[in-house]
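Asks: All chains, full assembly: derive it from the sequences and hints.
Under my numbering, the first residue of the sequence shown carries the number 1, and numbering increases by one thereafter.
Hints are computed from structural coordinates only; laboratory data are not their basis.
Just the calculated beta-carbon pair ranges, DEER-fashion:
#, residue 1, residue 2, range
1, Y112, L227, 23 to 31 Å
2, A39, L169, 43 to 51 Å
3, A79, R116, 23 to 31 Å
4, L169, D125, 25 to 33 Å
Cβ atoms here follow ideal geometry from the backbone N, Cα and C, with glycine treated the same way.
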Amino acid sequence: MALDVRRLRMLSQLKASGTMAAAARAMNYSPASISQQLAQLERDVGSTLFVTAGRSVRLTPAGTALATRADEIIEALDAAEREVRRLGSAPVGRLRLAIFQSAALAVLRQVYGRLRRDFGGIRLDVAHLEPRVALEELSRHAVDIAVLEEYPGSPLPKPRSVTTRLLTLDPLYLASPAAEHRSAQPDPRARWALEPEGTAARRWAEATCRTAGFEPDVQFESHDLMLHRAAVRAGLAHSFLPGLAVGGSGDDAGIRLDRLPGDPARSIIVAYSNSAVDDPVVSTVAEVLQDSFADNSRSPGALGSVGP
Numbered sequence: 001m002a003l004d005v006r007r008l009r010m011l012s013q014l015k016a017s018g019t020m021a022a023a024a025r026a027m028n029y030s031p032a033s034i035s036q037q038l039a040q041l042e043r044d045v046g047s048t049l050f051v052t053a054g055r056s057v058r059l060t061p062a063g064t065a066l067a068t069r070a071d072e073i074i075e076a077l078d079a080a081e082r083e084v085r086r087l088g089s090a091p092v093g094r095l096r097l098a099i100f101q102s103a104a105l106a107v108l109r110q111v112y113g114r115l116r117r118d119f120g121g122i123r124l125d126v127a128h129l130e131p132r133v134a135l136e137e138l139s140r141h142a143v144d145i146a147v148l149e150e151y152p153g154s155p156l157p158k159p160r161s162v163t164t165r166l167l168t169l170d171p172l173y174l175a176s177p178a179a180e181h182r183s184a185q186p187d188p189r190a191r192w193a194l195e196p197e198g199t200a201a202r203r204w205a206e207a208t209c210r211t212a213g214f215e216p217d218v219q220f221e222s223h224d225l226m227l228h229r230a231a232v233r234a235g236l237a238h239s240f241l242p243g244l245a246v247g248g249s250g251d252d253a254g255i256r257l258d259r260l261p262g263d264p265a266r267s268i269i270v271a272y273s274n275s276a277v278d279d280p281v282v283s284t285v286a287e288v289l290q291d292s293f294a295d296n297s298r299s300p301g302a303l304g305s306v307g308p
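Replies: Here you go:
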């Protein structure tokens, strides 16, 4: 019996992720679907491939052997697909993109518009993932291309198997309620909306506050910059917001935006596997992303219609 490649991909992802839930998130399936398909794979090969251990899953020797072979098969199939793409007159294929929230809101409309107009043979599937998770998924081949962020002083630990290039520099603003009319410096009396502890954005924000001589009193903690923006507009908190989260205009109704000393900016980068450098679909999408970020920087207020 021929083995189903989709099930082999699921086993490979399970080996990389360690849990059914994580494998399901990476492949945009439900955990129940992953479990059912892998159970069928076990029946196909006539052997137990994994056992549960609490919330984790451990591959059996048979499962490890098959997952290793699955990795080789998947890489060979992906290489064959890239080769066929290179031989075509126009880029054709399906690509999985990982992107974080503020970048997605800023450019996806332009990206899809350009693909529909000029590259109708490309289907782009999008997953909203935070940068470190996206980089992990890229290394596991769960996504094909990723848009990432780097804050000043916190470069992402990129594996050697990944190629990156800069898309744009996104300026960072001190955001405070417009009605307060306070100083254009971080306010030690304020409560703050910041990203979760352990993130590069949080480390940079805390370092900025410490340079100003205080520890921030964090009232709102979230990856969601739209929540930060809403908290500032409502007069509930201060924050640090990148240009993409406020339309790139340096202005947002109800919010005072001030540049910080040294004009800090986060780097927005695109990343993909070294093996995909010559893939015309990957190259095309990377170029469309680059153009879309450039258009966004030339068109302030691109997010004006996107509210929290």
